[in-house]
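Chain Y: place on chain B using the hints.
Just so you know, the protein sequences line up as chains B and Y, in that order.
Take 1 as the starting number for the first sequence in my numbering and just add one per residue.
Take 1 as the starting number for the second sequence in my numbering and just add one per residue.
For the record, the hints were derived by calculation from the structure and aren't laboratory data.
Note that the structure is predicted; figures quoted are calculated from it, not measured.
The beta carbon of each residue, even a glycine, is placed where N, CA and C say it ideally should be.
Treat the hints with caution; some may be incorrect.
As the list claims (entries may be wrong) - With a straight-line Cα cutoff of 25 Å, these simulated DSS-like cross-link-like pairs (lysine-lysine) come out:
id: 1; chain 1: Y; residue 1: Lys-27; chain 2: B; residue 2: Lys-128
id: 2; chain 1: B; residue 1: Lys-310; chain 2: Y; residue 2: Lys-328
id: 3; chain 1: B; residue 1: Lys-260; chain 2: Y; residue 2: Lys-16
id: 4; chain 1: B; residue 1: Lys-27; chain 2: Y; residue 2: Lys-129
id: 5; chain 1: Y; residue 1: Lys-16; chain 2: B; residue 2: Lys-129
Said to hold, decoys possible - Some chain Y residues flagged as far from chain B (calculated, every beta-carbon gap over 12 Å):
id: 6; residue: Gly-17
id: 7; residue: Gly-40
id: 8; residue: Asn-72
id: 9; residue: Arg-79
id: 10; residue: Gly-162
id: 11; residue: Pro-177
id: 12; residue: Phe-181
id: 13; residue: Arg-229
id: 14; residue: Asp-236
id: 15; residue: Glu-316
id: 16; residue: Ser-317
id: 17; residue: Lys-328
id: 18; residue: Arg-366
There are 2 protein chains.
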Amino acid sequence: MESFTFYNPTKVHFGKGMISMLGTELKKDGISKILMIAGGGSIRVSGAYDDLVKVLQDNGIDFIEGWGVRANPTLEKARELVKLAREHEIQAIIAIGGGSVIDTAKSVAAGFYLDDVWDIYSRKAMVKKALPLYTVLTLSATGSEMNGNAVLTNTETRQKWGTGSIHMYPRVTVIDPGYQFSLPPKQVVNGALDTIAHILEYYFVSVEAFTTLGINDSLQCTMIEMTDRILQDPADYMARASFAWTATLALNGLSGVGLKGGDWACHQIEHSFSALKPEIAHGAGLGVIFPAWIEYMAERDPKRFNRWAKNVWGVESISEAVKLFRDKIKSWGSAVSLRELGIKESDLPTLVELSMISDRIGGISRFSASDVEALLMLAL
Amino acid sequence: MESFTFYNPTKVHFGKGMISMLGTELKKDGISKILMIAGGGSIRVSGAYDDLVKVLQDNGIDFIEGWGVRANPTLEKARELVKLAREHEIQAIIAIGGGSVIDTAKSVAAGFYLDDVWDIYSRKAMVKKALPLYTVLTLSATGSEMNGNAVLTNTETRQKWGTGSIHMYPRVTVIDPGYQFSLPPKQVVNGALDTIAHILEYYFVSVEAFTTLGINDSLQCTMIEMTDRILQDPADYMARASFAWTATLALNGLSGVGLKGGDWACHQIEHSFSALKPEIAHGAGLGVIFPAWIEYMAERDPKRFNRWAKNVWGVESISEAVKLFRDKIKSWGSAVSLRELGIKESDLPTLVELSMISDRIGGISRFSASDVEALLMLAL
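Bound-form chain B, shown alone (with noise of 0.2 Å):
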């Protein structure tokens, strides 16, 4: 286990009808005027922005609305958002949706106090403060609810990049699983992917951080019997529940506690599909570009692989739980070929300048061009 630093000062309120604490915190915190940010509508649907509207108005709680963020949302949005936000002199920021809404909120809490947001996205700049930021979670996949992390899209130069920063970890995060019944089995399963893809991120680079490790077996087997729970029966409560808070903890720093921040290579890969085609879901993507990944690297340095192996599908093969990994997915009616993601072996090439923009790609092993392209003909 390495050393480590561990430090979360999110605040969760979870369960059936806990967006109600959210009133007393706002209160608590002084806060009269808000800017609620929000995707395109969905949370009209669960009933997730009556409920915020209500306990806004019932704590005498005014507040803007920048409607309009979408999937792998992008750098001119938050900016626009921004602008926003100045105009109407807010106090905090409340974001109500799912990672694509949360990470913008976070962009523009910082981007507050900056001359360009993307300056601390190209690393021109630090984030030194930020506005307070509340989030209600609708949709769990990227864990955005409980860590400091965003990523946005830069549209003019293709660049999908990440930032992170102590202050702009969320203060409250309400997560009602409640939320989540209206979701279309598809986005479940992309949010089940992401989940295991940030565990497997972290999970293979120490065979040591026996903690670590031992939650992140049980985080996978949650995540895979919780997911096959709610496509089987979309209603249960229970399920919803543990795959909600399974999310969470994928990327809220426990499952890295040991892990000298976890290889990324993957996320990294990923993010060209959606620069090529953007009607990709990140979660999609992962499923099919994580089995590769496996296979690729346990050629090389197997020892890694064996108690994924065993303790995640309860067999001694690496290449029998690979097999596994992408029956699983395949029952789950999402892709494990690129394919099927509507990729040809002609885009190649793009999808391998896409990734190499990265500085560096991969913390067990560097990947050059070659070794992307490699893993990408594996995936096919």
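Frame of chain B, contents of chain Y only:
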């Protein structure tokens, strides 16, 4: 999974040499005069004391020393240290030691602002503020290094009672597993038993808090494996590190998520052992009472215990799992019966009486005096 609020503001610096981070933290927080609270001297053997003194001196932080906290820490000692803290007008407290030292330090941090510190244990007063608290952990067992709880013994009234407050969380905790190399095996085992008991106090409350139960399976298995490893090779750093982090996670809130605050009958009843015989270590007492409690409860409601038998002990039968649990405790050289702790059948009425001082015993089902008696007979 029941609704919950999760909030843990303690920052943990974990690993070899991480005590150096403490100087930076104290300076950042503007602390220039601090009260150091310590036990009987084992911190001189492990090197922790010398390291801390150097960090304080190097950072120009003035300190006074309050020694002499013992196992099952007393109200009297806490009162004495509150007096010392007031006399010297200190700004913060640093606890260096195990759970007893940290619990005492929490009491002093809160007691500094109270008429009498026992008021928060007897529910006469609430903690509204406390001095900032920093801890250097040198014995992993109680989890006190990352929670807001404390237990003190009022030797006059023979009450060993607990309290808790958000103001009593350590601000920063340093966990250097290297400080634990010099611990005698018995203390390692007592720490393991205390940790396992913390997990079990939550574990059986619900069978549907899937994420938490999965984590708790893994924490138990890791603790058992690490204890075996340390007893075999006390110099195994990776085992020490995972032991330490598991003990912290067993009582930092994570293991109790969605489990209604747990049951805690075994802790309450075990407290009567040390009230009767202060030489009985808390962990050793728990090693006797917990297997008996599982036997007693499983007769009434077996379904709660099936997961534990299967996932922790790899068997289908609960009674076989209890036997394996007791065998493991025996293999660690610890007691599995009250008689081995020096308690006779004739002591039971006193133990029942001391247990019933608690206003309520048990969460899953409420224990009457005759339940306690029957349980103690099983443990005899």
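Evaluation of the provided hints:
In summary, the hint linking Y:Lys-27 to B:Lys-128 is supported, as the alpha carbons are separated by about 19 Å, within the 25 Å threshold. With a C-alpha separation of about 24 Å, the suggested pair B:Lys-310 and Y:Lys-328 falls inside the 25 Å cut-off, and the hint holds. Restraint check for B:Lys-260 and Y:Lys-16: the C-alpha separation of about 15 Å stays at or below 25 Å, so the hint holds. Distance restraint check for B:Lys-27 and Y:Lys-129: the Cα-Cα separation of roughly 20 Å lies within the 25 Å cut-off, and the hinted pair is therefore satisfied.
Of the supplied pair hints, the one linking Y:Lys-16 and B:Lys-129 is violated, its CA atoms being roughly 31 Å apart against a limit of 25 Å. At roughly 8 Å from the closest C-beta of chain B, the C-beta of Y:Gly-17 falls inside 12 Å, breaking its exclusion from the interface. Non-interface call for Y:Gly-40 relative to chain B: holds, since the shortest CB-CB distance, roughly 29 Å, exceeds 12 Å. Non-interface status of Y:Asn-72 relative to chain B is upheld: no Cβ of that chain comes within 12 Å, the nearest being about 28 Å off.
Here Y:Arg-79 stays apart from chain B, with its beta-carbon at least about 32 Å from theirs, past the 12 Å limit. Under the 12 Å C-beta cut-off, the non-interface status given to Y:Gly-162 relative to chain B holds; the minimum distance is some 23 Å. Remark: the non-interface label on Y:Pro-177 conflicts with the geometry, its nearest Cβ contact in chain B lying 8 Å away (cut-off 12 Å). The beta carbon of Y:Phe-181 is kept farther than 12 Å from every beta carbon of chain B, the shortest such distance being approximately 15 Å.
At roughly 9 Å from the closest C-beta of chain B, the C-beta of Y:Arg-229 falls inside 12 Å, breaking its exclusion from the interface. A Cβ of chain B approaches the Cβ of Y:Asp-236 within 12 Å, the least distance being about 10 Å, so the stated non-interface status is violated. Every CB of chain B is more than 12 Å from the CB of Y:Glu-316 (nearest about 17 Å), matching its label as outside the interface. Chain B leaves Y:Ser-317 outside its interface by the beta-carbon criterion, the shortest separation being 21 Å against a cut-off of 12 Å.
In this structure Y:Lys-328 is separated from chain B by more than 12 Å, as the shortest Cβ-Cβ distance comes to about 17 Å. Consistency note on Y:Arg-366: stated as away from chain B, and its beta-carbon is indeed over 12 Å from all of that chain's, at 24 Å minimum.
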